[in-house]
Amino acid sequence: MEISSAFTSGFQGFQRASNAVTEATANINQQTAQSSNQRALETPVEPNTGPSIEQSLVTLSNEQVNAEANMKSVKTADEMLGSIIDLRV
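Numbering follows UniProt numbering, with no gaps: position 24 of the sequence shown is 24.
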């Protein structure tokens, strides 16, 4: 595997995880706001079309692990590049 493709794969994976974390966080905020508004207005709970808070929390946790794993691959590629440069100099 080329080092540049390891960097690219790691950064792309990190970006996907970052986007998923942002989406999960927005879902959690939306669910919390809806729940608070319904309690304040004492209105009946309407069925939600999006993921539940629990699903969003699980997604948030999974994507955190994905982001960390992708950053480890970037770090490893960086260390490999440093070793190769040291060998050639």
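Warning: the hint list may mix true and false statements.
[Stated by the list, open to error] Now the in silico label distances, taken between C-beta atoms and shown as ranges:
1) PHE11 x SER36: 36 to 46 Å
2) THR49 x MET71: 28 to 38 Å
3) GLN12 x GLU79: 49 to 59 Å
4) SER18 x GLY50: 39 to 49 Å
Calculated directly from the structure, the hints in this document are not laboratory data. Idealized CB from N, CA, C, for every residue including glycine.
Violations among the numbered hints = Per hint list: 3, 4 violated.
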